[in-house]
Amino acid sequence: MTAYIDSSTMHQIDEIIPGPHSTIRVYRDDSKTPDDNDHLWVTQTYDPPSKDTPIWVVPLHWHQYHDEHLEILEGALNIYHHDKWHLVTPESGVVFAERGMVHGFKSIPGVRLVLKERVTPTGDYKVAFFKDVGQRGSAGPGFWLVMRIAYYNDLYPWLSRFKWIDWMFVTLVGGFARLFEPPPPVPVHLVKPS
Numbered sequence: 001m002t003a004y005i006d007s008s009t010m011h012q013i014d015e016i017i018p019g020p021h022s023t024i025r026v027y028r029d030d031s032k033t034p035d036d037n038d039h040l041w042v043t044q045t046y047d048p049p050s051k052d053t054p055i056w057v058v059p060l061h062w063h064q065y066h067d068e069h070l071e072i073l074e075g076a077l078n079i080y081h082h083d084k085w086h087l088v089t090p091e092s093g094v095v096f097a098e099r100g101m102v103h104g105f106k107s108i109p110g111v112r113l114v115l116k117e118r119v120t121p122t123g124d125y126k127v128a129f130f131k132d133v134g135q136r137g138s139a140g141p142g143f144w145l146v147m148r149i150a151y152y153n154d155l156y157p158w159l160s161r162f163k164w165i166d167w168m169f170v171t172l173v174g175g176f177a178r179l180f181e182p183p184p185p186v187p188v189h190l191v192k193p194s
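For what it's worth, full-length UniProt numbering labels the leading residue of the sequence shown as 1, then goes sequentially.
It should be emphasised that the hints constitute simulated quantities derived from the structure, not laboratory data.
Ideal placement from N, C-alpha and C gives every residue a C-beta, glycine not left out.
Heads up, a few of these hints could be off.
For each label pair, taking beta carbons as the anchor points, the in silico distance ranges come out as [what the hints assert, rightly or not]:
1) W164 to S8: 46 to 52 angstroms
2) W164 to T33: 32 to 38 angstroms
3) H82 to S8: 35 to 41 angstroms
4) P90 to P20: 21 to 27 angstroms
5) R161 to T33: 19 to 25 angstroms
6) V58 to E15: 17 to 23 angstroms
7) I55 to T9: 33 to 39 angstroms
All chains, please: the whole structure from these sequences, using the hints.
What follows is the structure, given as structure tokens:
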């Protein structure tokens, strides 16, 4: 549980179960200021019990207001970025998914992985996102909840080469989903550039 804490100033502050065989842990380093990219981060662990277990997939998507710094700490993961799939391992270093860049993930059958994710600008909005995703526990979110989550959390599924279509889809479908899906379990404080 604390394998990725390497000093007395780092603490695990939360744990979220977003779906089967998956755990998200939230960490904070008190030696860093809140505006430091290393102050708050998450690790996502996917630990399939066998090669027959369905792979973990995060569909292709993009973000309008934040960048993601992705690093494999253990195992391997296929990450889509710069218009193609890459096999990423701990030796690969940090993958930078800047605002507007389409990216997604596919695990490898039977391979345990630990993905570290940090965001720019910094803030707790990504933690709020993961709590939202995990609010139904191991059952995972369904389509309508995912759309409501996307609406509040700067998440746009990649539907076409025209990002305005993706944006419009989330605005309309996610906006509609707000009428009957539960609200975010914690407030989302998304940092938008002025």
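Taking the CB of V58 and the CB of E15, does the distance hold inside 17 to 23 angstroms? At roughly 19 angstroms between Cβ atoms, E15 and V58 fall inside 17 to 23 angstroms, so the hint holds.
Given the hint of 46 to 52 angstroms, check if W164 and S8 actually sit that far apart at their C-beta atoms. holds, 48 angstroms
Range hint compliance [Cβ, W164 to T33, 32 to 38 angstroms]: Holds, at about 36 angstroms.
Is the hinted range of 35 to 41 angstroms satisfied by the C-beta distance from H82 to S8? Holds - the Cβ-Cβ distance for H82 and S8, about 38 angstroms, lies within 35 to 41 angstroms.
Is the gap between the beta carbons of I55 and T9 within 33 to 39 angstroms? holds, 36 angstroms
If you check the beta carbons of R161 and T33, does the distance land in 19 to 25 angstroms? violated, 39 angstroms
Mind checking the hinted window 21 to 27 angstroms against the Cβ distance between P90 and P20? holds, 24 angstroms
The structure shown violates just one earlier hint, number 5.
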